[in-house]
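Let's have the full structure, built from the sequences with the hints guiding it.
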Amino acid sequence: MEAAVVDVGSKLLKADFAIPDQTPAMIIPTQMKQLLDDGSVTDSSLADNVTVDPVVRGFIRDWDAIEDLLHHVLYTGLGWEIGNEGQILFTDPLCTPKANKEQLVQLMFETFNISGFYASEQAVLSLYAVGRISGCTVDIGHGKIELGKSNPQVNISMSDVEKIKELYSCCAEDELAYQKTGYSCPVEKHTLPDGQVITIGRERYTVGEALFQPCLLGLEAHGIVDQLVRAISTVSSDNQRQLLENTVVCGGTSSMAGFEERFQKESSLSSSAVQPTLVKPPEYMPENLTMYSAWVGGAILAKVVFPQNQHITKADYDETGPSIVHRKCF
Amino acid sequence: MYGGDEVSAIVVDLGSHTCKAGYAGEDAPKAVFPSVVGAIDQMDVDEADNGENNSASAPESNNNVRNADSDKTKGKRKLYVGSQSLGYRRDHMEVLSPFKDGIVADWDIVDSIWDHAFRECLLIDPKEHPMLLAEPSSNSQQQRERTAELMFEKYKAPALFLAKNAVLTSFASGRATSLVVDGGGGSITVAPVHDGYVLQKAVATSPIGGEFLTDCLMKSLESKGITIKPRYSFRRKEIRPGEFQTVDLEFPNTTESYKLYCQRVIASDIKECVCRAPDTPYDESAYSNIPMTSYELPDGQTIEIGADRFKIPDVLFNPSLVQSIPGTESFAEIAPSVRGLPQMVIESINKCDVDIRRELFSSILLAGGTASMQQLKERLEKDLLEESPQAARVKVLASGNATERRFSVWIGGSILASLGSFQQMWFSKSEYEEHGASYIQRKCP
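Order-wise, the sequence lines are chains A and B. Going by the numbering used here, the first sequence opens with residue 1, and the numbers climb by one from there. Going by the numbering used here, the second sequence opens with residue 1001, and the numbers climb by one from there.
Treat the hints as calculated values from the structure; they're not laboratory data. One or more hints might be untrue.
Stated by the list, open to error - Label-pair ranges, simulated between beta-carbon atoms:
(1) 327(A) x 1324(B): 23 to 33 Å
(2) 327(A) x 1292(B): 45 to 55 Å
(3) 57(A) x 1246(B): 50 to 60 Å
As the list claims (entries may be wrong) - Below 20 Å or equal to it, Euclidean Cα-Cα: the simulated PhoX-like pairs (lysine-lysine) are:
(4) 303(A) x 314(A)
(5) 101(A) x 1229(B)
(6) 1127(B) x 265(A)
(7) 1219(B) x 1229(B)
(8) 328(A) x 314(A)
(9) 1237(B) x 180(A)
(10) 101(A) x 1030(B)
(11) 1030(B) x 328(A)
Using N, Cα and C, we set each Cβ at its ideal position, and we do this for glycine too.
The structure is reproduced here in C-alpha cells:
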C-alpha cells in the first residue's frame, strides 16, 4: 500500500496516497460543523453557527476535532481498514512547537495504529514540489481577510465572503493602477443565496493590494516582497543569491488573478542587489500546483523516506515514545 | 529537585546585539533577532499625524506590540520587538537597548524580548519548559536574582539555570579548561575557564566590539563622501519599461536613533562581506594602493572599498588606529586604556595560577559574531606566538563553521541542558519558593 500524505491547512485539508504527479484526490474543508451528542442536526440556522476550526493559522488547536477529521479522511476517504493501517506523512508549518509534534505522533500511533510516520516542513516540501532543494518559499494561505462593504445594509455571512473573495479578488497591475481604481474600475454584480444582488467594485482590488501594501488595512508591516527581501538579507551573504533566485510562491491566495505579475513587478522595484525570481513548476506537475504544493512535495518525499526506512516505525515509537519525532523527522 | 528529562529545555542567550533562543538538544537556535527594541512614548502617538502614510494609524492591532507599564518617570510606552516589527519605520520610534555598559538597565525591555522569543518565535508556553539562560561572565548577584524573580514570578518557569557565557562556549568545544575570547556586538570579553568555572579575577573586557567596528566603518565611509541611505528613505520607480530610478522619501518624524539603527544594519553587512583581518599590523602606506572591492548598497549605488577592508578589523589589535578615522573624537577619551586583543589574552592568562597557564595558552577559543571575521584566528595566533613566553605552546581554536562560532554560547547551552547528568542541577520552582531568589547563587555557581 502506498503511504498516505496529509497536508492540513487552516482552510483546506489535502490528502491522498503518495502519487506526486497527480492532484490529491481529497481536498476538503478543514472547518467542521458540530453535531449534537444525540447525532441529530438542529435547524439549519443554529447549525450554521456551530462550527469548529481544528486548525488556526496553520497549527492544530482542537485535537478532538482533528481526530474525527482524520478518521473520516483515512478510513472513509482513503479506504484504510482497521487492523490494516498504513504509513503516513504529515506536513508541518514552520516553527511548530515540539509539543504539537509529539501530540500528533502520539495520536497517530496510539489512536490510529499506523505503521509508520514522517513529518516535514511545508516550506521545504513546497520547494521539493518544483524540483528545488534550496530556495525561499512564500506561502500565502488562508487567513482572515475582511472585505469592506459597498452596501452597508447587506447582511452577508463569512462563507459568502469567502466565496466572493475567491471569485472576484485580483491584483492591480501596480500601485498606480490601484490608485486609479479609486476613480473608476469595472464593477461586478453578484447574486447572494437569498436572491439579493450586490455590486463589488474597488474591493476586489483592495484584497490583493493589501498583500503588497498592508497599511491599507491599518497594519504596520511591509508588503510581502519587502518582507521576503528583508528576511533573506539576514542570512549569510553567500547564500542570498541562491535563495532569492529560487523563490517559490504557494498557498491558495497566491492563485489570485494577476498575483504573479504583480509579485514580479514589485520584485523589480525591491531594494536588493539580487531580485527575487519565481521558479516555474516543471511541466509534468499538475496544474494549479500552488494550491497544494506542500502536499506534492510531501508525496515526493514519501517516495524516499519510507522505502529507505528513514521514518518512525511502530517499533521506534514503542521503544522511545513521542519524543522520537525530534530525532527522526527534520 | 526537578525531573526535567521529559520536556525540552529552552536555551536563551540574550547578547548585546542579538538574542538567540531555541530548544536544548538542537544544533542551532530557532530564533535569532535584535536585542534592541523600538519604543514609542504614548504621549507622542497621540500627537502624531495619523493621516501621514506609514504613521502608526492602528497601534492597537499591531503584532509584537506590548504595553509596558514602567516607572512613572518613563510613562507608558509601546515596545516593538523582533526583526519584523523593528524593520518597519514608525514616527517617533526610538531604538533602545536593555543594556548599559553590559549590564541590564531596563528590565521591561528584557521582559519584552523574552516574551517575544517565547510566544512569537518559539510558540511555547514558558511554564512548560525549564529555562537555561546564558549570562555575562561579570554578571552581578543582584542581576541574577532579578532574573530569577522574573522567570519564576512572571513566566512561571518550572526550573531555571544561569550559566556564564564563557563556560558555555567551553562546553560547546568539549573542554573543561580553556581561555574564551568572545567577540560580540557590544564588547570583547576574554575569560579563563578552569574545570567548568570562570576565573573571575582574570576576566578582561574591551568596549571594542562588532558594533564599534561598524561605527568606525560608517564614519570612514562618510569621510569619503559616501552616504548610507536607510532602507525606508527611498524607493525604486520604473520611469520607462526596464529603466529604474531611485526616489528619495521624506519622513521628518523619524528619530535619529532609528535612522542610525537602519544605517548600522547596512554598514554591518558591508563589514561582514568585505572586511578581513590583515596578516600584519595595518600600515597606511603599504595599503594605500591595494585593489578596491565593490559593494552594492540597497539603493543601487555601488561603492568601492579599499584600505578600510583591513584597517577596520585591525582596530581589534591596535585600538589607537581609531584616532586616524575621522569622526571618532569621542573615542579619544577612553583610547589610552583600551588594549588590543593579544595583550588582553596575555594579561588575562598572567593573572591566572602559574600551573594552568600552559593549558590556557594551548586552548584559546574564539567565539561570537565578531570573532567569525575572516583571518582573525590566524592573525591572533601569529601575534600571540610573537608576544607570549617562549615556553608556551599557543593554539587558537575556532570552529570552521561560521554558524557554530557565532552561536557557540547558545550551542554550549543546548549541550549542557540536554545532558542527563545536568538534570539534577536545575534550580527548581519549589526551591525558589522555599529559599527565595538568593538561592540562585548556590544552585548556579
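*Broken hints, numbered, in rising order?*
1, 3, 5, 6
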